[in-house]
Amino acid sequence: MNPVNYLYLAALLFTIGASGVVIRRNAIVLFMCVELMLNASNLALVTFSRLHGNLDGQILAFFTMVVAAAEVVVGLAIIVSIFRTRHSASVDDSNLMKL
Amino acid sequence: MNSLIPLLIAAPLAGAALLLLGGRALDRFGHWIATALAALSCAFGLVLFFDMLGRDTEHRAVTTRLFSWIPVNGFQADVSFQLDQLSIVFVLLITGVGTLIHLYSVGYMAHDERRRRFFAYLNLFLAAMLILVLADNYLLLYVGWEGVGLASYLLIGFWQHKPSAATAAKKAFIVNRVGDLGLSIAIMLMFAEFGSFAFHPVFSAAGDATEGKLTAIGLMLLLAACGKSAQVPLQSWLGDAMEGPTPVSALIHAATMVTAGVYLITRSSAIFDLAPDAQTAVVVVGAVTLLFGAIVGCAKDDIKKALAGSTMSQIGYMIMAAGLGPVGYAFAIMHLVTHGFFKAGLFLGAGSVMHGMNDEVNMRHYGGLRKYMPWTFWTFMAGYAAIIGFPFLSGFFSKDKIIEAALAKGGTEGWILGGCALLGAAVTAFYMTRVVLLTFFGEKRWQPDAEGNEPHPHESPKTMVIPMVVLTFGSLFAGGLFSLGDSFLNFLEPVTGFEEGHSPLNALTVSAIATVCMAAGVGLAWLMYGRSPVPVKPPVGSLLTRAARRDLLQDDFNHAVLVRPGSALAATLVWFDSKGLDGFVNGLAAAIGGLSGRLRRIQTGYVRTYALSMFGGTLVLVASTLLMRSV
Amino acid sequence: MTSTGEAVQFWVLAVIAVGGALGMLLMKKAVHSALCLAATMLSLAICYLAQGAVFLGVVQIVVYTGAIMMLFLFVVMLVGVTSEDSLKEQLKGQRIGAVLCGLGFGVLLIAGLANARLSHFTGLSEANAEGNVQGLARLIFTKYVWAFEVTGALLITAAIGAMVLTHREKIREPLTQRQLADRRVRDNIQLPPLPAPGVYARHNAVDIPALLPDGTVAEDSVMGTLRERGQIRDVSQEMLQRMAELEESTADWLGRPSSARPQVAGPRQALETVPTPTKEEAE
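Protein chains in written order, with the working numbering: chain A, 1 to 99; chain B, 1001 to 1631; chain C, 2001 to 2283.
Don't read these hints as lab results, they were simulated from the structure. Small disclaimer: the values here were computed from a predicted structure and weren't measured. Some clues are possibly wrong.
Said to hold, decoys possible - Coverage of chain C stretches by chain B, computed from C-beta distances (three or more under 8 Å per stretch; other residues unrestricted):
1. 2092 to 2100
2. 2111 to 2124
Claimed, not checked - Which stretches of chain C does chain A cover? Using the computed rule of at least three CB atoms under 8 Å from a CB of chain A, they are:
3. 2027 to 2040
4. 2129 to 2140
5. 2170 to 2182
6. 2208 to 2217
All residues carry an ideal CB built from backbone N, CA and C; glycine is no exception.
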């Protein structure tokens, strides 16, 4: 098997995640979709690392994980505080930016 | 001694500033401050005059530089003053007559609650006029020129609560602007041609310029002079300017401001002497105006407007004389000075009559006033005799010289100009006799005023009478004094130049003919107005009379030729602006507004919509990246 | 080419990963989505391990699946475990657009990859010679040390940010027991304690309202949260029926005629006067 298959898998997962961001309304699920996209890119990075034979790709994936962790912490905090004030986790309910 | 020259101007300027800024505190005695400062200025003028007489002819002209006004590389505008024989004549006339009129105004304006302001404007006017005649370059002269225009506007419109006065002020200002445009263009032409606008460099370089350019400058200067001196075709403002208080009419529209044009032409003699075409234009304007004004003066029943017509006519004499070249400059100035005396006197007399007659101006409502106001009558008579050129009075000397100079032009032109001047003299005698007869002789035809008060004619207070008496001396003797040994001529000669004219008739004959013309005019007037009682209601009159009553249709002409096409043009432009430009702009705005309103719908405020658009954008980016790589 | 074992493993994991991802996308309840995602992440972790990224594989399990997904689950619980997304799409064209974009994007990515013609690969045997963890450590603490420090700052910032966002400033003193009691008397709405849930010692679950003497439910015996969610199990009819049966059998046994007790038409109207504790009071 060619390791490129891992890349196909990553592309597929990334696409699913991106579609999920657009389709789902629950902010938490939306966040999960973002996580899925990050994971897909991590997979791609790890695969590239293997293809090229050096560890830089893995380092990059590692940093991506750190950033994802930070992002999740802040993002969930935002969701919690929005839920507290608006009693809803739906992103469609927060459309105050509309003119 | 030269340091006195700026002080000469500073005195009335300080007076104006003090009175305008001083507020009500100065209401009680502000007019005396103004009068004192005018007198101080006059005293400075006299000191400078005697100082000048004490010097040689070559060293009489002095220049004093106050400060550099606009120093820009090649453009050097200085505030510097030049006092020479021509300037000092004007300085003495302006400050002398000005002081007398200040004094007169103290009495005339006694009951006006805005008197302080009036005197401030009078002082402002004196300062501006002094700047005009003392400037040593055209730009500073322009400052004074505009200052005079401003003061004139303020004074004509002084009784601004009367719509007629406000309109007259605007009219004077606007008509003057046309002339000012001429002056500014002339200054620009000078700067372009000579690289300077100071008198000395311009006049010394004038010989090198082409005649065409000099003619252009001369014509522009003539336009300026026409505006300020109320010459045809810019004469229409002078009659309306009589809406101002009578001292204003006397000071500005008889003795000083209107003479600015004559000053300008005389001062620019170096240019006009080299531009014969411009000179011809000057002569024509002068001759036309002298008859125009005289005819208008014959028909007016309003005493001030009759005198205004007369002023126009007399200034016409001066302009004509100035247009004759070195033959006439000195005589123009001489007539200007004598006219300053007797016309100021006549106006002050008219003001005195109005003062006694509840501000009535219609001469048909006067009659027989000589018994009620003897001082006014006799001083007015002196002015009258002087203006019609009664032998050996001021007007006789100055006017005869002008007629002589006109005849000396030679050939057909000389005869035409001389004829005009003589005809003018006759008509002058006619209308002045008419004024005198209507006002002081005959039956009394007094009418109750609008509130039903019968007028009680009385002599005016001393502050009004004294200036009239002083001016009377000028009217009677100035001309003789000036002609004594040609003293005035010799005094002015270094500035204006002089050459003896060769009149086809000798001086005595000219005087005789002029006197005969004068007598004819007087006689005709007596036949028409002295022999039989004058109707209170003016008769319909001939076509010419009716036209003359309407200022020879000058306003109708301006209205038809300038105002109406101007309004039409403005209306067209407004239409174009509102329908064309605004339509385009508004349409554009509406289109963008509508488009924005539609585009706004894209902004739903839903995060997911934005996410979708980002997704789509990413798609496009990826697609284009791949496309670029595959190509 | 990789080993057959890895190929088999890949195909199994790929199916699980894609299935998990699709499950996450399509499940109505957030908690199901989270579990699906956890499955995907675990399979990805094994993929990492298989590709020689031992350290990342373990980190993926511990940090992602262990920590982050649990954090997700916590929040899901906090927000409401049973809350569902309504499947009705409200934004016009959103779903079609998403599907089109997704399809286009996927096709483009895969086509791009297929076009790249990656036929040969190096493998990590050399790079991992001294051990994967050692290799990564060498890189992190030499080449990427600056980025590593910065991520430390990022994590601290995120922690502080989360605290700030969820922190609540007390804007007034909390009410004491005494003040609450006083207020209850003053408002005169419900002086005695609220009735406890549960019926006749048969049901003591908190979601079962107590019954009033006339057999109707006392809704205020159930906690406000359940009431709002509509999770009250009404057993009053069943109880009344049993009561009636009991009375019937008693009457039979005593030889009396059965009681002509009037039947209650239905549950009593909800007590409007019972105050639902407001947010401030609840905290």
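Cross-check of the supplied hints:
1. Restraint check on the segment 2092 to 2100 of chain C versus chain B: 3 residues with Cβ-Cβ distances below 8 Å, three needed, restraint holds.
2. For the segment 2111 to 2124 of chain C, the stated coverage by chain B holds: 3 residues have a C-beta nearer than 8 Å to a C-beta of that chain, and at least 3 were required.
3. Chain A is given as covering the segment 2027 to 2040 of chain C, and this holds because 5 residues of the stretch bring a CB closer than 8 Å to a CB of that chain, at least three being needed.
4. Closer than 8 Å: that is the beta-carbon criterion, and the segment 2129 to 2140 of chain C has 5 residues meeting it against chain A, so the requirement of 3 holds.
5. Note: the segment 2170 to 2182 of chain C has 0 residues with beta-carbon separation from chain A under 8 Å; the three-residue rule is not met and the coverage is violated.
6. By the rule of at least three residues with a Cβ nearer than 8 Å to a Cβ of chain A, the coverage given for the segment 2208 to 2217 of chain C is violated, with 0 such residues.
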